[in-house]
Amino acid sequence: MKRNTIQKTIILETLREMNCHASAGMVYDEIREKYPTISRGTVFRVLSDAAEEGEVLRLHLTEADDRFDITTYPHYHITCRKCGFVRDIATDPGLHLENHITENGGFLVEDYHLELLGICPDCQRILKQQATTK
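The sequence shown runs contiguously to residue 847 in this note's numbering.
I should point out that these hints are in silico values taken from the structure, not numbers from a laboratory. Keep in mind that a hint or two might mislead.
What the hints assert, rightly or not - Ranges of calculated distance between the beta carbons of each label pair, as one might list FRET restraints:
hint: 1; residue 1: 816; residue 2: 791; range: 23 to 29 Å
hint: 2; residue 1: 771; residue 2: 818; range: 21 to 27 Å
hint: 3; residue 1: 824; residue 2: 776; range: 17 to 23 Å
The structure presented is a predicted model; accordingly, all values stated were derived computationally and were not measured. Note that beta-carbon positions come from the ideal geometry of N, C-alpha and C, so glycine has one too.
I would like the entire structure built from these sequences, with the hints used as guidance.
So this is what it looks like as structure tokens:
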């Protein structure tokens with residue numbers, strides 16, 4: 714187990730305060746305003762290590778940089794194809810995909826990646842506005 718450092722505390726607290734599914738670059742940009750001596754490599758390494766240790770979730774997205782989620786209980790995500798916004802999707806714990814596969818296919822699910830893509834409400838409004846002005 715890795716030790717807690719001041720940098721780790723700052724990085725994870727910044728991710729928590731951002732209250733979004735931020736990329737390591739986004740976290741770095743936010744931190745360097747207050748702590749200009751922190752390196753990009755440190756932010757990337759701390760977030761990667763925290764994901765390996767289960768302190769945060771690492772989301773591998775098709776059309777974007779990996780994002781980090783401070784919420785670690787099982788849940789799903791949907792990504793806006795227009796702006797890249799990522800939102801949690803709350804689910805009933807009894808409806809998780811891994812339970813269904815285990816019960817019906819006999820597999821022991823160790824990990825999975827389910828990616829939902831769509832268009833967020835803000836981008837839908839913009840698209841509607843653009844359509845009406847044409």
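We went through each hint and held it up to the structure:
Against the hinted window of 23 to 29 Å, the Cβ-Cβ separation of residue 816 and residue 791 comes to about 25 Å, which satisfies the hint. For the pair residue 771 and residue 818, the supplied restraint of 21 to 27 Å holds, since their beta-carbon distance comes to about 26 Å. For the hinted restraint 17 to 23 Å between residue 824 and residue 776, the CB-CB distance of approximately 21 Å keeps it satisfied.
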